[in-house]
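Peer 1: Listed below, chain by chain, are the residues.
Protein chains: 2
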Amino acid sequence: MFTKLKSYEKLKKLGSDPIDLTNKDIFTLDRIKKMQISSSTREKKLDLRLLYATERVTKDVIDSLFELSKDTNAISKMKDMQDGKIVNSLKGCESENRKVLHTAMRDFFEQKNPSKEAKEASSLAYKEIEKLDKFLEKINKDNKFENIVQIGIGGSFLGPKALATALKKYTLKNREFYFISNVDPDDSSQILDSIDLSKTLFVSVSKSGTTLETLTNEEIVKDFLHKKGLNPKDHMASVTGKNSPMDDPSKYLESFYIWDYVGGRYSASSMVGGVLLGFCFGIDTFKDFLKGASYMDKIALEEDQNNLPLFSALLGIWNRNFLGYSTEAIIPYSQALLYFPLHLQQLDMESNGKSIDKNCEKISYKSGPIIFGDIGTNAQHSFFQLLHQGTDIIPIEFIGFKKSQYQKDLKVKETKSQEKLLSNMFAQSITLAQGQKNKNPNKNFSGNRANHILLANQLDPYTLGALLSYFENKVAFQGFIWDINSFDQEGVQLGKILANKFLDLFAKKDVDFDIGKEYLKFLQL
Amino acid sequence: MFTKLKSYEKLKKLGSDPIDLTNKDIFTLDRIKKMQISSSTREKKLDLRLLYATERVTKDVIDSLFELSKDTNAISKMKDMQDGKIVNSLKGCESENRKVLHTAMRDFFEQKNPSKEAKEASSLAYKEIEKLDKFLEKINKDNKFENIVQIGIGGSFLGPKALATALKKYTLKNREFYFISNVDPDDSSQILDSIDLSKTLFVSVSKSGTTLETLTNEEIVKDFLHKKGLNPKDHMASVTGKNSPMDDPSKYLESFYIWDYVGGRYSASSMVGGVLLGFCFGIDTFKDFLKGASYMDKIALEEDQNNLPLFSALLGIWNRNFLGYSTEAIIPYSQALLYFPLHLQQLDMESNGKSIDKNCEKISYKSGPIIFGDIGTNAQHSFFQLLHQGTDIIPIEFIGFKKSQYQKDLKVKETKSQEKLLSNMFAQSITLAQGQKNKNPNKNFSGNRANHILLANQLDPYTLGALLSYFENKVAFQGFIWDINSFDQEGVQLGKILANKFLDLFAKKDVDFDIGKEYLKFLQL
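Line order of the protein sequences matches chains L and S.
All residue numbers for the first sequence refer to the working numbering, where the first residue is 1 and numbers rise by one.
All residue numbers for the second sequence refer to the working numbering, where the first residue is 1 and numbers rise by one.
Heads up, a few of these hints could be off.
Chain copies aren't distinguished; within one or between two, either way the pair holds.
As the list claims (entries may be wrong) - Simulated pairs of lysine to any residue, SDA-like, Cα-Cα distance not exceeding 25 Å: (1) K12 / F506; (2) K298 / R175; (3) K437 / D71; (4) K298 / F108; (5) K443 / S208; (6) K242 / T22; (7) K34 / W259; (8) K403 / F506; (9) K85 / W259; (10) K91 / S250; (11) K508 / S198; (12) K33 / K521.
Simulated from the structure, these hints should not be mistaken for lab results.
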């Protein structure tokens with residue numbers, strides 16, 4: 001058990017008296033030089049580097065954290081996952097009992113001894129890519145569609161939206177993307193009223209083919225198409241499980257498959273993201289993205305301190321379990337990553353917001369933190385006041401790029417915008433850690449506000465894939481170390497049941513639900 | 001001092017053994033009927049109602065919280081604020097020493113004994129509205145502009161964006177809005193490349209006229225305009241302080257004024273929001289919005305338990321200081337409020353993320369929580385897993401509307417989308433509070449997850465104004481009760497100083513800054 005481990009004890013002790021970064025003899029040039037890990041030796045193009053001198057760690061802490069990862073078999077569990085062992089499971093109480101193979105959705109490039117299960121999943125996934133390639137070729141030839149609207153929610157929405165926004169620079173001519181996710185009727189109305197439906201391809205995404213929001217919005221879309229004299233069947237594709245209600249050639253131009261071993265929040269690199277990314281940016285860009293993700297999946301299996309996702313997972317656990325911080329902010333200094341924090345929020349909080357361990361026992365330690373974030377410099381002008389001077393400490397993961405995406409820049413007052421952006425990121429990171437004493441208590445900065453920077457070369461498709469995988473694997477590692485199941489989501493079920501009771505009331509069915517009736521009374525004026 | 005008050009002691013005791021909402025004898029129909037407050041008697045159209053049976057409170061707790069508000073003179077401090085007394089201040093250390101009069105920016109409709117200062121501020125603000133009215137009349141006559149791009153960051157961006165998105169339904173013909181905020185060069189490039197600059201009005205917003213991001217982006221915009229053979233002066237207006245560098249008729253078609261007593265995060269109802277809202281939605285819609293805000297400002301002065309913003313502030317303090325929760329989620333079940341949580345995050349965290357009291361003493365209790373949020377039902381499919389079953393409890397403020405905005409809806413499986421939306425919101429609220437026991441620990445819901453619902457009739461301009469003021473005044477009340485200064489933001493200063501040192505390095509100036517030089521080395525491949 002987590003709290004019974006020797007390494008846990010050691011870290012507990014180290015955490016009771018963490019290093020003081022406001023001390024200039026500690027926060028030195030030498031520390032900054034030493035406290036970085038990098039993937040650069042293996043992949044020049046990516047040059048991903050994690051700068052962590054601004055975390056409240058020492059070499060002793062890092063070594064103990066890696067001991068913790070050994071004590072909890074983190075890497076061998078990662079290997080089990082990528083090999084297709086049943087890791088979405090619990091011992092002693094009912095659960096999903098599934099493989100977890102999102103990594104196989106992209107393992108086509110330099111396979112290293114994949115298991116039979118992983119290989120099979122990869123070859124099925126590759127068939128879907130070939131199907132997509134043909135589908136897109138036909139679309140390009142027909143030259144009929146300019147817009148794509150993805151209908152989906154949760155994992156079928158946040159990941160694809162984050163990725164498509166990040167890759168906007170790579171958009172093919174005359175291609176635009178939209179999403180309809182919310183069951184709020186104002187969501188669909190606004191979009192469907194504003195685009196040329198005759199030039200629009202709709203992609204419905206639901207693994208089960210039964211998601212309430214998605215089915216409802218699909219009906220609304222069909223209604224709009226009918227009213228314009230268009231045949232829905234000529235405008236719709238689906239991404240769904242084989243033999244689900246949405247795997248139906250009478251309704252869709254094409255159905256692309258996903259499998260029960262790809263969880264919604266881990267599905268961005270499957271066809272859930274693939275159809276939209278392929279349509280907007282071309283199949284080669286999509287493949288570049290997959291290649292980057294697969295590269296990082298391999299790094300996640302390496303048994304050294306340059307294992308970037310493991311390193312990040314361990315820093316998170318240090319802050320969460322040994323320094324006691326309950327929140328983590330993710331701040332990319334990149335406009336293109338505008339929706340990335342929202343996707344990571346889902347990925348992390350839905351995976352690790354759990355209270356029982358793999359033996360179905362209530363855990364006595366903290367699991368997944370609250371994740372939020374926004375892009376810099378915007379966030380500096382928003383909630384950074386609290387990050388600097390609030391009564392809680394919020395660890396931060398900064399993400400930065402050496403070069404801008406568009407490479408259009410202008411020197412204003414001797415520096416370019418990209419230089420201003422990086423100056424701000426570095427300055428925030430150092431300032432939060434170092435703090436500053438001032439006689440005026442209102443200008444006093446207590447410092448010791450833990451953070452680190454993930455620095456990459458430029459946000460291209462390959463790097464984006466690597467970044468996505470970095471976070472997916474970080475979250476999985478934390479789950480392995482906490483000994484929880486990061487791959488189910490029972491917490492969202494109970495609300496659905498009660499929502500259905502409310503729907504019965506709205507449909508004027510006879511339901512024994514007094515409290516619900518009282519709520520409906522609130523709706524009368 | 002906060003922790004020495006009798007009411008604090010009482011609440012501390014009550015908080016040590018809060019009511020158990022999972023007990024069916026406690027969470028009753030009667031409780032739900034009783035535990036609501038409402039503004040409906042005064043303003044039928046608005047019908048704002050706060051449903052709080054799902055908070056861990058009793059009548060005793062509520063009464064004690066109102067005692068706390070009396071002990072801390074919360075309402076008389078609110079009166080001081082609205083009257084223009086110097087409330088942005090500290091005793092014993094240097095601070096801004098300013099009035100705080102954003103409420104005067106909208107107090108034109110039913111003035112109730114305003115002070116001399118407030119009256120003067122209102123009449124100055126009204127002059128700007130008249131100026132705007134004339135400016136828009138001319139624009140409408142010339143029929144030259146279709147797009148408006150606001151250049152601004154922080155308060156000059158998040159509030160206006162949240163409001164404009166919320167009011168999209170009210171858009172005048174051929175009007176589109178955009179924002180350029182980030183210093184990331186990719187932000188401006190993407191927008192400026194995609195719109196017809198000859199039909200675009202730019203509005204630069206900076207109170208001081210010296211904000212780095214805004215000045216930089218303004219230069220980039222001018223450069224784009226020049227390259228298209230357009231004269232920047234014919235396309236630009238500004239919102240700024242009188243006599244600032246941006247108050248310059250040689251550069252702008254018109255300059256609209258703001259004053260040092262309107263803080264950035266409280267400026268959405270001033271010309272900071274006004275120019276864009278007026279351009280897109282017309283001056284009457286803007287005035288309706290102001291009317292709603294002013295109505296809620298008056299409610300904030302009332303000495304009873306129907307004072308909605310005070311009530312909400314007290315619930316927040318109960319959860320923060322007596323139940324020990326460090327975060328608060330804001331979840332509007334409304335697509336139109338997509339960007340509202342981001343604005344409230346800034347409003348709240350920049351205001352109350354402070355560690356010293358008004359006497360410049362370090363405080364021993366928690367101040368402003370971490371605020372985050374997203375719209376429902378989307379959020380249910382994202383981070384709600386952790387809200388239901390995570391190891392931390394995160395209080396939630398739900399916001400719902402009886403009617404959708406567009407009133408375009410379709411019955412699918414016997415119910416309309418709006419009914420599905422409300423069913424989900426109610427179900428989440430109840431489920432989080434009640435929980436559910438299950439033999440399978442993975443399907444067990446511990447409940448007692450505090451939340452409340454703010455329910456309004458429909459999201460029209462008037463209601464949006466009331467909502468904005470509700471949150472502005474809630475945040476101010478919490479600051480009054482915690483005895484902190486909610487109106488300055490010293491925490492963002494230190495980062496700026498260090499960023500400038502980095503900029504000097506980039507500009508190849510001779511700076512003694514070894515650590516900075518090391519960071520720049522990271523940028524080389």
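Peer 1: What are the numbers of the hints the structure violates, in ascending order?
Peer 2: As far as the earlier hints go, 1, 2, 3, 6, 7, 10 and 11 are violated by this structure, in ascending order.
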